[in-house]
Amino acid sequence: MDFELSSEQTLLKDSVDRFVQDNYDLTARRVLVASDLGYSKDHWALFAEMGWLGLPFSEESGGYGGSNVDVSVMMESFGEGLVVEPYMATVLLAGRLIDVAGNADQKAAIIPAIIEGKMKLAFGYSEPTSRFDLFDVTTTASASGKGYVINGHKALVYHAASADKIIVTARTSGDQRDKDGISLFVIDANTKGLSLKTYRTLDGQRASEVVLEGVEVGPDALLGKEGEAFDVVDKIIDLAITAASAEAVGAMRKVNEITIDYVKTRQQFGAPIGSNQVIKHRLADMLIEEEQSKAMADMAAMRADIGGDDRVQTASATKARIGEAAKFVGEQGIQLHGGIGMTDEYPIGHYYKRLQTIDKLFGNVDYHLKRFSDAR
Amino acid sequence: MDLSFSAEDLEFQHEVRTFLVENLPADVKDRSDRGLHITREHMILWQKKLAAKGWIAPNWPEEHGGPGWSLTKKFIYNSEYALSGAPGVSPFGVSMVGPVIYTFGSDEQKAKYLPDILNTDALWCQGYSEPGSGSDLASLKTRAVRDGDDYVINGQKIWTSWAHLADMMFCLVRTNTEVKNQEGISFVLIPMDSPGITVRPIIGIDLEHSLNEVFFDDVRVPIANRVGEEDKGWTYAKFLLGNERNLVARVARSKYQLTRLIEIAGKEVAYGGRLLDDPDFKRKIAKLEVDLMALEYSELRYLSQDMAGRKLTAEPSMLKIKGAEIAQTLKGLLVEALGVYGTPYETDEETGARNDGPIGPDHAHGNQADNLYQRAATIYGGSNEVQRNIVAKMMLGL
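Chains A and B supply the protein sequences, listed in that same order. Just so we're aligned: 294 in this note's numbering is position 294 of the first sequence, and the numbers increase by one with no gaps anywhere. Just so we're aligned: 378 in this note's numbering is position 378 of the second sequence, and the numbers increase by one with no gaps anywhere.
Hints are not guaranteed to be accurate.
Claimed, not checked - Lysine-lysine pairs mimicking DSSO-like chemistry, simulated, CA-CA at most 27 Å apart:
(1) B:Lys255 with B:Lys282
(2) B:Lys255 with A:Lys327
(3) A:Lys327 with B:Lys287
Hint data in this document are derived by calculation from the structure and do not stem from the laboratory. On a predicted model such as this, the values are computed, not experimentally measured, just so you know.
Whole structure, please, built from the sequences with the hints as guidance.
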């Protein structure tokens with residue numbers, strides 16, 4: 001048992017940190033977020049070159065067989081930089097689904113293309129009425145000839161607009177909230193009947209409402225076994241929670257760094273505001289929250305690598321704990337800055353917004369406390 | 001990073017579990033389950049069993065009688081210990097003064113005191129706080145003046161837990177008044193039967209006698225009982241506090257009491273069903289459980305960091321803050337779970353028992369006493385406010 005990084009992990013961390021340092025000052029990020037795409041093609045090409053796009057895929061699929069700890073090391077650094085490239089959407093969600101559930105043809109057609117940076121994917125798992133329940137699916141896929149016809153509406157599909165393929169959950173049998181009867185389909189983004197309403201999210205990312213009207217797909221679009229997708233989706237989302245938690249830890253660390261610097265330099269009543277005990281104690285609590293979160297995120301990644309039967313409880317405990325911490329740290333980061341913390345020009349608000357989107361991603365604190373409790 | 005257990009670890013886990021189940025007496029476990037203070041007799045009986053097995057001091061170096069376990073084995077031991085329901089080993093000897101003696105003491109002191117600590121042949125108490133020196137401990141005034149081969153000690157200590165049961169006290173005394181507060185303190189070991197020592201009880205809000213005032217009236221203690229150098233006692237006191245980090249988070253104990261809370265909430269009836277199924281109460285338990293998990297892995301992460309040779313600074317303070325808060329929330333819920341039976345509070349002067357009647361359900365006995373007693377958790381060992389000052393200074397540079 002140990003919490004130390006291996007030498008390979010330290011190298012990985014150093015290279016991601018360097019990327020963030022060289023490319024992600026707030027001005028550069030602002031330009032990316034304002035662009036049509038919402039992120040940088042050059043960065044994506046660099047990710048491919050660095051091998052980061054193949055990190056979590058199994059070696060059989062052509063990936064590097066990286067561990068969940070490896071992924072977390074990377075995501076923590078991404079969190080510090082507020083990185084906007086669609087790593088989560090393409091690699092950690094859609095890519096992993098293909099890696100875990102795909103047949104040989106699907107893997108061969110998609111995974112190497114992801115690794116080379118040539119193909120991007122998105123994953124639509126939520127719907128306007130599903131809230132955070134992954135099994136609450138009204139989108140239907142009806143058998144038609146040898147293939148399927150898909151109808152429905154997928155909500156908040158991150159980076160669907162720049163994806164070459166979109167994976168969706170759709171119901172092939174059962175009722176709206178049945179865990180059985182859910183299937184996964186890989187759909188080319190330009191398929192007839194598939195339309196997007198694309199928007200920005202509060203943290204500057206891109207997402208879409210994906211509407212499917214009579215979308216016809218062949219039998220080869222089915223990913224995994226028909227009607228048995230829920231367990232796969234649940235598992236991949238739990239792994240993604242582990243990664244998102246590490247990202248939140250990186251963002252919290254940065255909030256604390258920025259705030260500590262600020263209270264040391266901002267003078268009021270002839271002294272730095274950080275000399276007031278109430279500020280010191282607030283920041284001590286913010287650091288404690290960051291540290292408790294870091295321990296949870298590390299634990300979650302290590303447990304995911306062991307792959308025991310505590311997966312659901314571990315992921316939900318981690319997401320709930322980190323959600324609480326992120327709310328406190330993000331809000332107090334703004335508070336301790338006073339007026340300047342309210343401005344778009346200053347970094348703190350951007351971290352606050354990123355932390356808020358992470359809380360809503362894959363289920364918020366309330367959702368995961370309940371899921372944790374129910375899994376006992 | 002790796003959390004996995006080897007086959008050897010799993011075998012060890014089995015060994016620990018079996019030993020604890022087979023050796024923990026039912027009456028010792030019962031008092032501990034209820035959150036009641038352990039009796040002196042029980043403490044000696046139980047700790048001697050652990051000592052005979054060689055497990056009384058998991059954190060001591062092997063040369064002084066520790067078992068020489070890896071971090072993983074310590075984790076397994078602590079987890080199993082918590083699951084067994086055994087009362088915690090009294091910290092004053094094994095966790096506090098022991099490490100000071102084997103690190104800074106003379107060979108004579110090591111030979112004289114360490115075996116007694118390991119075997120619970122001497123019970124210790126801690127002479128730190130004084131009426132005018134609480135958070136500002138270094139301002140302490142209890143005076144030790146040299147006279148021949150002895151120090152002559154005059155002054156007063158307060159909030160001294162279990163002084164009335166102790167054979168020995170490790171005590172901070174002022175040996176020099178000409179220098180800065182921190183630079184004139186010495187660390188001495190005082191037999192509690194020394195002439196001139198008076199111990200007076202302080203009855204707590206739990207109506208228990210665990211706290212004391214200790215008065216020193218021309219108490220003679222051999223200079224040979226001083227640990228380390230004269231006037232350097234503050235260094236040893238700080239070492240002791242830092243060394244307490246395995247203890248401050250109270251994770252094992254809280255984990256055990258959490259299972260008790262779930263058990264009680266499963267028996268208590270509320271809103272026509274089980275309290276455990278009430279969504280509000282269920283959420284409170286879940287939040288506590290999640291907080292405790294984060295605390296547990298924080299502690300492990302710091303221990304791992306320490307073992308990797310990266311020195312800790314105020315991390316133990318962070319553990320203390322969260323550990324005490326979580327313990328208090330937990331005790332609060334244990335009382336809340338009882339509904340109206342959180343209110344009766346009868347004491348029995350002779351046995352020192354609370355609600356031994358019992359009043360209300362059997363599981364109500366002890367919860368409120370523990371809740372009251374543990375209000376001290378955020379006060380002793382440096383209040384949580386002082387700990388936040390330490391974190392701000394050492395980790396944030398504020």
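Structure-based check of each hint:
1. Straight-line distance between C-alpha atoms of Lys255 of chain B and Lys282 of chain B comes to about 16 Å, which keeps the hinted pair within the 27 Å bound.
2. Note on Lys255 of chain B and Lys327 of chain A: the hinted pairing holds, with a Cα-Cα distance of about 26 Å set against a maximum of 27 Å.
3. Under the criterion of a C-alpha separation no larger than 27 Å, the hint pairing Lys327 of chain A with Lys287 of chain B is consistent with the structure, at around 15 Å.
Checked against the numbered hints above, the structure breaks none of them.
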